[in-house]
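Heads up: the sequence shown begins at 1269 in the working numbering, then just goes up one per residue.
I should point out that these hints are in silico values taken from the structure, not numbers from a laboratory.
Some hints could be false.
[Claimed, not checked] DMTMM-like cross-link-like pairs, simulated, lysine to aspartate or glutamate; straight-line CA separation at most 20 Å: (1) K1316 x E1347; (2) K1316 x E1350; (3) K1340 x E1370; (4) K1316 x E1337; (5) K1332 x D1364; (6) K1340 x E1350.
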Amino acid sequence: MRVSCAFHVRSSASAGPAAGAAGAGRHTGAVNESGLEDPAERPRCSAKGCHAAAVWALRWNNPKIHTPERRKIWLACQEHRESLSAFLGRRGFLRDVVPVGELEERR
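With the hints as constraints, model all of the structure from the sequences given.
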């Protein structure tokens, strides 16, 4: 990854994490805490097969491989917020959930 606090927006051709599925986290279209690299790109849900607009940012880290202050971010639509949160929560990775707009305001 290019930045320590990054999240990714999945393009329609890529596979995002399925709730509870192995291989979660395959994404394309890098985005960082300061906003989208391509302002024309609309943030999309990270759930596998979902093309809905993202409204939630699930901030997480894996304490076995990330420093405590590092945050990775998955994006979620309203429908997939709970399943993606549960996936991360079961592993002890979920740190917080914020509206996507709060990330974009930090530009």
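The hints, checked one at a time:
Note on K1316 and E1347: the hinted pairing holds, with a Cα-Cα distance of about 12 Å set against a maximum of 20 Å. Of the pairs offered as hints, the one joining K1316 and E1350 holds, with about 14 Å between alpha carbons and a cut-off of 20 Å not exceeded. A threshold of 20 Å between alpha carbons decides the hint, and for K1340 with E1370 the separation of about 15 Å falls inside it, so the pair holds. Only pairs whose Cα atoms come within 20 Å are accepted, and K1316 paired with E1337 is rejected, the gap being roughly 27 Å.
In summary, the hint linking K1332 to D1364 is supported, as the alpha carbons are separated by about 18 Å, within the 20 Å threshold. A distance of roughly 17 Å separates the Cα atoms of K1340 and E1350; the hinted pair therefore holds under the 20 Å criterion.
Of the numbered hints stated above, the single one contradicted by the structure is hint 4.
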